[in-house]
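S.K.: In this text, residue positions in the sequence shown follow my numbering: the first is 1, and each later residue adds one.
Don't take each hint at face value.
Here are the computed distance ranges between Cβ atoms for each label pair [as the list claims (entries may be wrong)]:
#	residue 1	residue 2	range
1	S11	E60	29 to 35 Å
2	R2	N33	34 to 40 Å
3	D27	F69	28 to 34 Å
4	D64	G36	20 to 26 Å
Listed below are the simulated EDC-like cross-link pairs for lysine to aspartate or glutamate, each with C-alpha atoms no more than 16 Å apart in a straight line [as the list claims (entries may be wrong)]:
#	residue 1	residue 2
5	K14	E45
6	K51	E28
7	K51	D10
8	K51	D13
9	K12	E45
No wet-lab data here; the hints were simulated from the structure. On a predicted model such as this, the values are computed, not experimentally measured, just so you know. Cβ atoms here follow ideal geometry from the backbone N, Cα and C, with glycine treated the same way.
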Amino acid sequence: MRIECFDLLDSKDKFHQKALHWSGQFDEISFFNSNGMSDQWGRYEQVLAVKALFSFRANENVFDQLDTF
1 MRIECFDLLD SKDKFHQKAL HWSGQFDEIS FFNSNGMSDQ WGRYEQVLAV
51 KALFSFRANE NVFDQLDTF
(Lines of atoms letter the chains of each structure in order from A and count residues from 1; the text may use other names and numbers.)
(Lines give C-alpha, C1' and ligand atoms only; values in the text may rest on other atoms or scores of the structure.)
Protein backbone atom coordinates (compact mmCIF):
# COMPACT_ATOMS: atom_id res chain seq x y z
CA MET A 1 0.00 0.00 0.00
CA ARG A 2 1.30 3.45 -0.86
CA ILE A 3 0.37 6.54 1.09
CA GLU A 4 1.45 10.03 0.09
CA CYS A 5 1.46 12.71 2.74
CA PHE A 6 2.19 16.36 2.15
CA ASP A 7 2.92 18.79 4.95
CA LEU A 8 4.07 22.38 4.75
CA LEU A 9 7.30 22.86 6.67
CA ASP A 10 9.80 25.67 6.84
CA SER A 11 12.65 23.62 5.43
CA LYS A 12 13.67 20.27 3.99
CA ASP A 13 15.82 19.65 7.05
CA LYS A 14 12.75 19.90 9.28
CA PHE A 15 10.96 17.34 7.13
CA HIS A 16 13.96 15.03 7.30
CA GLN A 17 14.10 15.30 11.10
CA LYS A 18 10.34 14.92 11.62
CA ALA A 19 10.06 12.00 9.21
CA LEU A 20 12.89 10.05 10.80
CA HIS A 21 11.54 10.78 14.28
CA TRP A 22 8.06 9.57 13.25
CA SER A 23 9.46 6.42 11.63
CA GLY A 24 11.15 5.44 14.91
CA GLN A 25 7.93 3.72 16.01
CA PHE A 26 8.36 1.04 13.32
CA ASP A 27 10.67 -1.99 13.36
CA GLU A 28 11.73 -1.62 9.72
CA ILE A 29 12.37 1.61 7.85
CA SER A 30 14.12 2.70 4.68
CA PHE A 31 14.98 6.33 4.06
CA PHE A 32 16.43 7.44 0.75
CA ASN A 33 17.84 10.93 0.23
CA SER A 34 19.04 12.21 -3.14
CA ASN A 35 21.46 14.58 -1.37
CA GLY A 36 20.62 17.26 -3.90
CA MET A 37 21.65 15.18 -6.91
CA SER A 38 19.35 15.36 -9.89
CA ASP A 39 19.17 13.15 -12.96
CA GLN A 40 16.57 11.87 -15.41
CA TRP A 41 15.40 9.18 -12.95
CA GLY A 42 15.21 11.35 -9.84
CA ARG A 43 11.58 12.22 -9.29
CA TYR A 44 11.71 12.49 -5.49
CA GLU A 45 14.26 14.20 -3.28
CA GLN A 46 13.48 12.00 -0.28
CA VAL A 47 11.53 8.77 0.17
CA LEU A 48 10.58 7.13 3.47
CA ALA A 49 9.15 3.61 3.69
CA VAL A 50 7.98 1.81 6.84
CA LYS A 51 6.59 -1.65 7.69
CA ALA A 52 8.02 -4.03 5.10
CA LEU A 53 5.64 -6.45 3.41
CA PHE A 54 8.51 -8.89 2.89
CA SER A 55 12.01 -8.90 4.33
CA PHE A 56 15.24 -10.55 3.29
CA ARG A 57 18.15 -11.52 5.50
CA ALA A 58 21.12 -13.59 4.31
CA ASN A 59 24.25 -14.75 6.06
CA GLU A 60 26.13 -16.33 3.16
CA ASN A 61 25.56 -17.04 -0.54
CA VAL A 62 23.66 -13.77 -0.68
CA PHE A 63 23.14 -13.74 -4.44
CA ASP A 64 21.83 -17.32 -4.50
CA GLN A 65 19.38 -16.54 -1.72
CA LEU A 66 18.37 -13.28 -3.37
CA ASP A 67 17.49 -15.15 -6.57
CA THR A 68 15.04 -17.33 -4.65
CA PHE A 69 13.59 -14.37 -2.74
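S.K.: Report the numbers of all earlier hints that the structure fails to satisfy, in ascending order.
M.R.: 1, 2, 3, 4, 7, 8
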